[in-house]
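Spelled out, the chains give:
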Amino acid sequence: MSDNKAALSAFRKEVAAWMGENVPADPGFLLPLTFLEVGTEQQLDFLREWQHKLWSAGYLGMHWPSEYGGQGTDPAYQYIVDKELGKHNAPIIFNTIGLNWVGPLLLDMGTDEEKAKYVKNILSGEEIWCQGFSEPDHGSDLGAVQTRAVRDGDDYVVNGSKIWTTLGNYADHMILLARTNTNTERKYDGLSFFLSPMKIEGVEAHPIRKVTGEYGFNQTFFTDARIPASCLMGEEGGGWTVAMKTLEYERGVTAGQASGHWGVTIQIDDMIDELAQLEHDGEPLLSDPVVRDDLVSFVMEAKALSLSGRRMAIPALNSDYPMGLALSVKYRGTEYERRMKQYTASKQGAQSALYVGDANAVRGGFWQRAYFSNFGATIGGGTTQVQANIVAEHVLGLPK
Amino acid sequence: MSVIQNVSIGLSEEQAMLLDVARGFVRDQAPIEVVRSHLETETGYDAAIWQSMVEMGWAGIALPDTVGGAGMGVGSAVPVFEALGSGLLGTPLLSTTLAGQLIWRAAGESAADWLGRLCGGSVATVALLDQADWGAANLGVALNADGTLSGAKHYVSDAGVADIFVAVANEGGAPVLAIVERDALSEAAIAPNTLIDLTKRAANVDFSGVVPAQVLRGESVASALRDTLLLGALFTAAETAGAADKCLRSITEYLKTRKQFGKLIGSYQALKHPTVDIYVGMENARSFVYHGATVVGDEALSVDAEVACRMAKVSADDVMVYAGDRSVQFHGGFGFTWECDSTLFIRRAQWAQQMYGGALHHRKRLASLLLDNR
Ligand SMILES: Cc1cc2nc3c(=O)[nH]c(=O)nc-3n(C[C@H](O)[C@H](O)[C@H](O)COP(=O)(O)OP(=O)(O)OC[C@H]3O[C@@H](n4cnc5c(N)ncnc54)[C@H](O)[C@@H]3O)c2cc1C
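Heads up: the sequence lines are chains A and B, in that order. So for the first sequence, the working numbering puts the first residue at 1; every next one is plus one. So for the second sequence, the working numbering puts the first residue at 401; every next one is plus one.
One should not assume that every hint holds.
[To be verified] Residues from chain A shown here face chain B by an in silico Cβ test under 7 Å; the list is partial:
1) Val296
2) Val329
3) Arg332
4) Gly333
Everything labelled a hint here was simulated from the structure, so no lab data went into it. Glycine included, every Cβ here is placed at the ideal spot set by N, Cα and C.
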């Protein structure tokens with residue numbers, strides 16, 4: 001074993017031991033499946049405390065620079081922590097927009113001042129971030145957003161509305177994409193990117209209920225909200241470039257995220273274990289030839305996704321379609337998960353119709369809830385259909 | 401343990417380089433016009449190209465150096481087959497490679513003479529099927545007490561050009577390998593099949609009355625046979641993944657140049673999104689194929705290797721059938737012509753999807769491997 005391998009393996013043991021002692025017990029109330037569904041103060045307080053504990057132990061954002069709250073290690077260390085979090089069924093690390101999108105973005109493109117001001121508080125959980133990109137009339141067509149930011153002295157005055165703002169009602173800051181110029185030839189050139197405060201006059205976030213019955217996102221209204229001009233990130237009119245970089249982090253196209261544990265880990269093995277408990281026509285479900293054949297497909301998809309992750313690290317085996325594997329991860333992975341969860345939720349006989357709250361529901365309605373929740377992944381961050389356009393245009397060179 | 405436990409991909413630098421070299425060779429030596437010029441010839445391939453491949457050591461690419469092979473490990477054949485597929489280049493390499501594996505796995509270095517000849521460019525093939533079923537025992541040809549064979553084999557790849565046949569025969573209920581040289585067979589014993597894929601050749605071969613040059617016996621025969629069929633699935637999958645890539649490129653090319661209603665047809669999502677699915681399927685097939693190349697070895701194939709070979713075959717078949725089919729449709733009326741390369745793709749797809757067992761064959765076995773021993 002090389003030194004590095006030995007060190008990683010020792011680290012894994014250390015982390016596993018720490019998790020054994022520190023992963024909190026079931027709090028006795030429903031926890032969100034992903035960071036998109038933090039809907040109560042009770043959940044928020046619990047998750048914030050847990051994130052703080054993990055960070056204090058040195059296990060969050062390990063590969064981020066130490067001056068900004070990280071440990072300056074190789075990313076392999078954080079990967080081990082994330083794996084162990086999954087294995088120990090640990091509660092999710094919820095400040096995802098900060099940890100996985102804003103943090104890497106700031107470390108990548110931010111000024112020293114911006115890094116110093118924001119990054120550490122993202123890791124500690126002291127400050128929560130949300131994202132103000134989508135609007136009621138402009139989602140996939142993000143370049144057309146209309147929320148206005150008008151320069152007035154040392155401030156910008158913001159008016160308009162953002163929607164589907166995850167964590168917006170709890171957030172301290174928002175990455176805000178707003179129009180500073182309505183008179184540009186290309187719609188993109190009128191956009192600017194702000195690191196905008198949420199807890200100020202003129203900003204209100206109203207929670208919206210989801211298909212799952214839970215909360216987690218909001219409509220955010222701006223009414224003459226004044227934000228300091230220093231909140232502008234990059235140049236005025238240069239917001240599109242920053243927004244596109246943010247989406248690379250959000251979609252996992254570019255690495256640098258602080259924690260992969262943003263949702264409850266659901267593996268192909270969980271699916272098979274669940275189905276193994278069920279019966280059909282009085283026989284074990286797993287003896288049914290149709291089900292067996294379906295499962296071969298699911299296992300192959302899961303395995304292909306893992307293999308493609310491995311391949312990404314080997315340039316000689318993926319250089320003929322540059323970025324192809326990375327750009328298709330979201331398209332493939334989120335759809336596979338949706339179908340896998342729907343399948344499992346639908347093989348429970350009459351119990352398939354039960355939902356969270358019913359004492360007889362299979363695993364408390366876990367699969368039904370997980371299936372619905374998964375639309376956050378196939379719609380949020382760019383829909384499946386838009387992802388297909390991206391792969392077609394950027395990987396295969398097809399016309400718009 | 402997870403059902404997807406082993407996800408290793410570790411082609412050596414040498415193997416990855418081979419992929420590059422082989423792709424370059426196919427691009428330079430076998431443009432589609434060359435491939436087309438052999439569609440209706442008797443042998444189906446260009447002897448000079450085959451000779452160059454032999455000189456580069458590809459005839460023994462999967463064999464150890466102790467018997468004259470490349471000594472790069474059996475997985476090294478994978479990049480070569482992927483490259484051949486990407487040119488739809490018909491050669492007897494698949495047949496020869498698998499015959500080499502079968503002999504070597506059954507007899508090891510004691511068969512060095514035969515294997516040396518293969519590495520030197522003699523074409524060899526496995527005579528396996530008694531009838532259409534890849535999953536049958538295929539013990540219909542008998543090795544009689546007097547040392548002669550009786551019975552015929554069907555769908556024997558490259559039989560028309562083979563110098564050496566490895567026939568799977570039945571001796572008292574056990575499989576043995578009868579090695580037969582071409583000159584032991586009469587002209588009439590070889591009856592060509594009319595194959596759907598015009599870059600491929602196969603024939604029925606009647607071995608009745610023939611005395612084999614050598615018979616390989618023993619316990620190793622059954623496992624050599626099993627492993628050779630799995631490698632056949634893997635190598636065919638590699639070739640098919642390469643062909644799917646070629647097909648994808650031909651589709652995207654057309655979608656970027658053909659206009660209707662004043663727009664490039666590639667801007668229509670009814671064409672665009674299925675093309676993305678072909679891309680994704682092709683990448684999946686390649687991932688499985690590289691994984692397969694990583695986990696197969698010279699020793700008896702492990703369960704991981706068996707799963708990998710079967711998954712590679714299923715995923716490559718699926719994407720190739722889809723790609724070939726959509727290629728015809730997406731080229732419109734032109735797609736339905738002989739002149740359009742879609743005809744080559746859809747024919748390759750139909751040929752490949754049955755070789756060494758189709759999806760039905762492998763999926764049934766995968767279900768047991770994945771679900772019954774958890
Ligand atoms: C759970 C969840 C959390 C979210 N959190 C946030 C957040 O925190 N911040 C934020 O800014 N946004 C957030 N979003 C918003 C998300 O990014 C948008 O919903 C998404 O980009 C789609 O936009 P839309 O809702 O306006 O749908 P539309 O763009 O109106 O799409 C409607 C349908 O049309 C299809 N469509 C649109 N354009 C095309 C095209 N060119 N080709 C083919 N099909 C097309 C779409 O795929 C979809 O099926 C969240 C969404 C969800 C579901």
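Comparing the hints with the structure gives:
1. Val296: holds, 5 Å
2. Val329: At about 10 Å, which exceeds the 7 Å cut-off, the nearest Cβ of chain B leaves the hint on Val329 (chain A) violated.
3. Arg332: holds, 6 Å
4. Gly333: Since chain B brings no Cβ nearer than about 11 Å to Gly333 (chain A), farther than 7 Å, the hint is violated.
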